[in-house]
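Asker: Order-wise, the sequence lines are chains A and B.
Per our numbering, the very first residue in the first sequence carries number 1; after that it's consecutive.
Per our numbering, the very first residue in the second sequence carries number 1001; after that it's consecutive.
Check each hint, because a few of them may be wrong.
Said to hold, decoys possible - In silico contact screen, one side only, chain B against chain A (beta carbon under 8 Å); selected entries:
#: 1; residue: R1075
#: 2; residue: L1079
#: 3; residue: A1123
#: 4; residue: R1126
#: 5; residue: Y1433
#: 6; residue: P1492
Unchecked claim - Listed next, the stretches of chain A that the computed footprint assigns to chain B, with coverage defined by at least 3 CB atoms under 8 Å from CB atoms of chain B:
#: 7; stretch: 66-72
#: 8; stretch: 173-179
#: 9; stretch: 358-366
Hint data in this document are derived by calculation from the structure and do not stem from the laboratory.
The C-beta atom is built at its ideal place from N, Cα and C for all residues, glycine as well.
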Amino acid sequence: MPLPDREQARRILERALGACGGAEARADLTASVSALTRFGAGAITQNSVRENAVLAIEVALDAKAGSSSTNRLDDAGVRACAEDALAAARLAPPDPEHMPVLGSETYADIQAFVERTAAATPQDRARGVETAIRICRGSKSVGAGTFSTDASVQAIATSAGLFAFHPSTEADFTLTARTNDGTGAAKVDAGGVRDVARIDPEALARAASERANRSRDPKPVEPGDWTVLLEPMAAREFVLLLATSLDARDAEEGRSFFSVHDDPDRRSRLGERVVGENVTFRTDPARPDLLGSPFDGEGMPVRPTPWIEKGVLRNLSVTRFWGKKTGREPTPAPRSLVLDGEDRSRDELLRLADRALLIPNFWYIRSVDPMRALFTGLTRDGVFLVEKGEIVHPVKNLRFNESPAVLLSNVRAFSRPEKLGASLLPGILAGAFTFTAVSDAV
Amino acid sequence: MYRREFLRLCGLSVPAFLLAPGCRTPSRAGSLSPEDPREGLADLALRAARRSGASYADVRICAYRHRDVRVRDRRVSRLSDSSSEGFGVRVLADGAWGFASSPRLEPAEVERVAALAVEVARASSRARPSRVELTPVEAFRDAYETPHEKDPFEVPLDAMVDLLLRVSERALAVPGAKLVTSSLSFAREDKLFASTEGSRIRQRILRCAPGTTVTAVGSGTSKSRSAFVPPLNAGYEHVEAARMVETAEGIAREAVEALAAAPPPAGRYDLVLDPSHLHLTIHESIAHPTELDRALGWEADYAGTTFATPEKLGRLRYGSKHVNVTADRTLPHGRSTCGYDDDGVKTIEWPIVRDGTFVGYQTTRETAPYLGQRTSTACSYADSWNSVPFLRIPNLHLDPGPDSVTPEDLLRSVQRGILIRGRGSYSIDHQRYHFQFGGDASWLIEDGKPTRRLRDLVYAANTLDFWNACDGVAGRAFWEPQGIVNDGKGQPNQAGQQTHGCSWALFRGIEVSPAG
Chain A
1 MPLPDREQAR RILERALGAC GGAEARADLT ASVSALTRFG AGAITQNSVR
51 ENAVLAIEVA LDAKAGSSST NRLDDAGVRA CAEDALAAAR LAPPDPEHMP
101 VLGSETYADI QAFVERTAAA TPQDRARGVE TAIRICRGSK SVGAGTFSTD
151 ASVQAIATSA GLFAFHPSTE ADFTLTARTN DGTGAAKVDA GGVRDVARID
201 PEALARAASE RANRSRDPKP VEPGDWTVLL EPMAAREFVL LLATSLDARD
251 AEEGRSFFSV HDDPDRRSRL GERVVGENVT FRTDPARPDL LGSPFDGEGM
301 PVRPTPWIEK GVLRNLSVTR FWGKKTGREP TPAPRSLVLD GEDRSRDELL
351 RLADRALLIP NFWYIRSVDP MRALFTGLTR DGVFLVEKGE IVHPVKNLRF
401 NESPAVLLSN VRAFSRPEKL GASLLPGILA GAFTFTAVSD AV
Chain B
1001 MYRREFLRLC GLSVPAFLLA PGCRTPSRAG SLSPEDPREG LADLALRAAR
1051 RSGASYADVR ICAYRHRDVR VRDRRVSRLS DSSSEGFGVR VLADGAWGFA
1101 SSPRLEPAEV ERVAALAVEV ARASSRARPS RVELTPVEAF RDAYETPHEK
1151 DPFEVPLDAM VDLLLRVSER ALAVPGAKLV TSSLSFARED KLFASTEGSR
1201 IRQRILRCAP GTTVTAVGSG TSKSRSAFVP PLNAGYEHVE AARMVETAEG
1251 IAREAVEALA AAPPPAGRYD LVLDPSHLHL TIHESIAHPT ELDRALGWEA
1301 DYAGTTFATP EKLGRLRYGS KHVNVTADRT LPHGRSTCGY DDDGVKTIEW
1351 PIVRDGTFVG YQTTRETAPY LGQRTSTACS YADSWNSVPF LRIPNLHLDP
1401 GPDSVTPEDL LRSVQRGILI RGRGSYSIDH QRYHFQFGGD ASWLIEDGKP
1451 TRRLRDLVYA ANTLDFWNAC DGVAGRAFWE PQGIVNDGKG QPNQAGQQTH
1501 GCSWALFRGI EVSPAG
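Work the whole structure out from these sequences, hints included.
Answerer: Right, here's the structure in full:
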């Protein structure tokens, strides 16, 4: 099933808006061809090519809103979808927070579609997986992971004249190598690149299996406050949690880490230093090493936005309703996030550590107290003790109870940012990270 | 006084039509028509797969409908219907799996996708040292439909909106309650399964999930409390029996009360856990560890592996003598209940833990042979026509204790402990050894009675230590079919759904600490 091009997408969306009978409406089209080869215990266990295209219509009748979605894109399917949305809107009470759909907007030109990725075959992926499995087997470990290549199109149109269209591709390779004796493990992630040619399964498998072997027979260390060296994968899992608190309404209604409770003249901590002054955290979708979407789900342009600059909270996301109510410009929610780093490699960062725990990844992180942005979770995939810039020995996994705001207040150094999914994250060397228990998991 | 309170809260979420384990209602297929026009397309897919060289093929042709109604305070924040239809073809060729799917239910597309699935399978065989072997299965021609009284898609939307707005009014009338969100989510899943082994199975699953959460905001803090009406496979009668409006005030009051509470001092406490909390502990620390694909290392890259490895089957002391755990995809109204799994295997009930000993895994046609077993426990599930079926947790419950045991009896046996209800923060490691869990409402127990409210606490334990510390389970009158609607597993992630019924239970000497 070929993906719709710009004009085909426009025609589908115009049909959808037309079926709404002139009502105020927004129509979204998301089409994708997603291929994924999955392997475990040294063999391919699932292998799929999945295609779909979903049309969603949101309609408003005098501020009464209803929505519907379908993947039937023939005339009858589109009409039925519009009728369902209209029927819901007729029954809905007026929405006091309703905002009219957006009109025409201008977007950054972000070229995130690589034909080579879209054209990758099952044989291409199987070859990469076969190589990775063979390398793991040769180094006394067992590989499990995925090799995926996706192509997708996102398009939005409104009855007020907006049209947005963004095609993109993404290829990823993840691999967890576990040693045959079950005492060592390591994970690599190619980061979700646009161009499949940038993925080297052989190099990734060598890195994972070598590191898994180095992590064998971990020793326990005492929980407590430790200096940690978070690799970018761990930084992604933990630091990005702070982005979930960057909402103006939550803060101003007293439900967030960025709320102010002791000063009636301030609605939030905007302008306040909230983390260390060496921390800058921003949205930057057009960076060549990121290539994010130029618009959000409503069709609002996603522009470079500093959230935290030199430790100071500069922006909170503002919905269009909240912006109107409080007299501010709307700001789309955080996406395409970049945590600024420093110009040094991961190895150079490690050499700065006097005594630290090297953390490659976290697992099962959950909120404990949203008001303090406090989370719990565990380390995973091979933790090491580092002394005087050298790895000393592997360490058993640990549970933490900690806040990303505390981590970002204690940063001593960063490495260069690396792409992981929709974000760019550096390695982070930071002090006083609180671990509360040891886990026997490997 | 407390007995009346907790009986009220027990009763609020469990409609009378629900039955504890051991009771059964027959399934039925009343509204499914005897003829299904999709069967022609299914036959076409299977023939095309065979022609391309598949040694086995199955096809699922599905049509889903979802309805979502949400209210935030006095505002309808979402009123949405969605539908999705399509088909997925799964094949074995050259001893390896291939899967392809498409939303276009047209003969030429069905043949193209079936051939593509075979091409994918042939590529898989490059990295498949041993051939996939499946347990034998009978060929079924059957139909199943979730027993229900009122199809939720035939209930007027305005009745649903009105109900949720009344929930908000009742909750917001409690001083200190600042934010009320309530929701009704429904799904109707029509599925035709056909395989080259001769099965033609039609199923209609109806799902129903009501929910209410109230957030209270105080000086420098906020606390939320949820009414835990179990998500079930049922009709709208489940919503009508849930008494959402009547219970909203109590939920709001408990959220506000928590603002003035304090965490307990760190230490070891006896814990009494109610079903609205304990079901998630069961899910994380018993259901996940006993998935056989996890034990085989197939999920190592994401969900993880397990401490419950096959050589421990029949030997491992998982819990105390009070701990009996049963898996059951035939449980009336269970979230994972259906007639047949997505391998085309008839669903069953089987033991996981008996008198504390680990005796059973969850299996599929592909995984069961690794235990030398000739039958699958029917745990194959795909969350969409567009998803690859694989092993998912079934309904899995803690059997009730003796009928004579009440929650009051459990509380009476505690000198210094904590009663925990509702879901809070849940986290467990990727081999399921160590966990840290919390609820959304808790009380100190002193000399056999709940006394003052507590807040901001978590308990942590090793899974086996915890279940071996179980010192009593209340009887079937207190058993509730609580459950999960968004269990994440797989790459890409698929949402599993299952019921984890349980009664109140007592655990001795568990480590508790203030959260953070």
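Asker: Each hint needs a verdict: does it hold in this structure or not?
Answerer: A quick look at each hint next to the structure:
1. Hint on B/R1075 holds. Least Cβ distance to chain A is approximately 6 Å, under the 8 Å limit.
2. The interface hint given for B/L1079 is met, as the beta carbon of that residue sits about 4 Å from the closest beta carbon of chain A, less than 8 Å.
3. Given hint, B/A1123 at the interface with chain A, holds; its Cβ is 4 Å from that chain's nearest Cβ, closer than 8 Å.
4. For B/R1126, the interface hint holds, since its Cβ comes within 8 Å of a Cβ in chain A; the closest pair sits about 4 Å apart.
5. Interface restraint check for B/Y1433: the shortest CB-CB distance to chain A comes to about 4 Å, inside 8 Å, so the restraint holds.
6. The beta carbon of B/P1492 is positioned within 8 Å of a beta carbon in chain A (closest approach about 7 Å), and the interface hint is therefore held.
7. Coverage of the stretch 66-72 of chain A by chain B holds [criterion: at least 3 residues with CB-CB distance below 8 Å; count 7].
8. Requiring three or more residues with a Cβ within less than 8 Å of a Cβ of chain B, the coverage given for the stretch 173-179 of chain A holds, as 4 such residues are present.
9. For a cut-off of 8 Å, the count of residues in the stretch 358-366 of chain A with a CB near a CB of chain B stands at 4, and the three-residue condition holds.
Of the hints listed earlier, there is not a single one the structure fails to meet.
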